[in-house]
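Model the full assembly from the supplied sequences, consistent with the hints where possible.
Take the position in the sequence shown, starting the count at 1, then add 12; the result is the number in the numbering used here.
Since the hints were made in silico from the structure, they are not lab data. Any given hint might turn out to be false.
Capping the alpha-carbon separation at 20 Å, the derived lysine to aspartate or glutamate pairs in DMTMM-like fashion look like this [unchecked claim]:
1. K180 - D112
2. K272 - D282
3. K278 - D253
4. K85 - E252
5. K180 - D282
6. K94 - D217
7. K233 - E283
8. K268 - D218
9. K278 - E252
10. K268 - D235
11. K268 - D84
12. K278 - D218
13. K233 - D282
14. K160 - E98
15. K148 - D235
16. K268 - E292
17. K85 - D218
18. K233 - D254
19. K272 - E292
20. K148 - D175
21. K85 - E292
22. K233 - D253
23. K85 - D254
24. K94 - D175
25. K180 - D235
26. K85 - D282
Simulated restraints on C-beta separations [to be verified]:
27. S286 - A118: 32 to 40 Å
28. E292 - G259: 37 to 45 Å
29. R99 - A256: 41 to 49 Å
30. Q139 - T211: 24 to 32 Å
Cβ coordinates follow ideal geometry from the N, Cα and C atoms, glycine included.
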Amino acid sequence: MSTRPTLRRQLALIGGISMFAFAALAPAGFAQSAVDQSALARFDMANMASRQVIDYRVIDQALGSLVVADGDKSEIRFEALKGDGERALSELVSGFSSIDPTELNANEQLAYWLNLRAILVLRASAQAYPGRGVDKLIQPGSPFFTTKAVTVSGVPLSIGDIDAIITKRAAANPNVIYGLVLPVREAPSFPSIAYRGNTVVTALDDAARSFINRSGTVRTKADTVQVPRFLINHRHYLGEDDAALIGHIRGLASAKLSQKLATATKLASDERVSFNYFIERSFADRGPGAGSFGGGEGRAAGS
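Printed below as a string of structure tokens:
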């Protein structure tokens, strides 16, 4: 699948910020490092009076082509990402790097970071698939999270750095963690359209409910709740002890799941993870433009 011509279209900022420039990004040569909180401090700033809005239509096209929505789950077209697909994603990444997110208001910033992260995760996952075991790939502290992959406002950032920027908001809204998508079935679904500043909070709330109520995410047996490793790894944003995390889950649960959680007091981790790869087949049933970076509607995270 050749995607480069379409992806060369620029992403525009409505309201005064210059156009994204799609110079080729060269990720090779970035070192691996731990999160440097002092370097990230500049991204704590936001222009709360800003009305600038990013036009993410080209990101919609990329996600809509590469992410296959299946109810409350999603799969990634890893085969379509090889070669031109990876290079096209790098062009999108370089577009993000030309924007100073501190000139945006808080919700536009959050959408910016979530969308940039999703593109970085897609690219890093494609580079690892299928040879590298996904279990080791997504271990906290692995090169997947620590390799510097983009420079924003002169600061080299990794996926882990962007996670640190996003999760600073978790105290006010713990559902931001459900935007931290991973290339596995046991994590929140990839969005198939980009986040927008004016709807990002609602989209994250929807993503949270969708993940918690997805069949197989939360399993109960007597007084024990078994949850995916994703929730255990992020429990410090949801409540350190079992009762707090179970309470968070109850707050998102459907009536049916709430009944199953009635006697729950303990947590257990489900350590299973698997690539959420899509097996290529005919896209005829997806309508015009399916399988390419064309138009059409996608599904927002959690919807």
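Worksheet item: Any of the earlier hints contradicted here, and which numbers?
Response: 4, 5, 6, 12, 15, 16, 19, 23, 24 and 25
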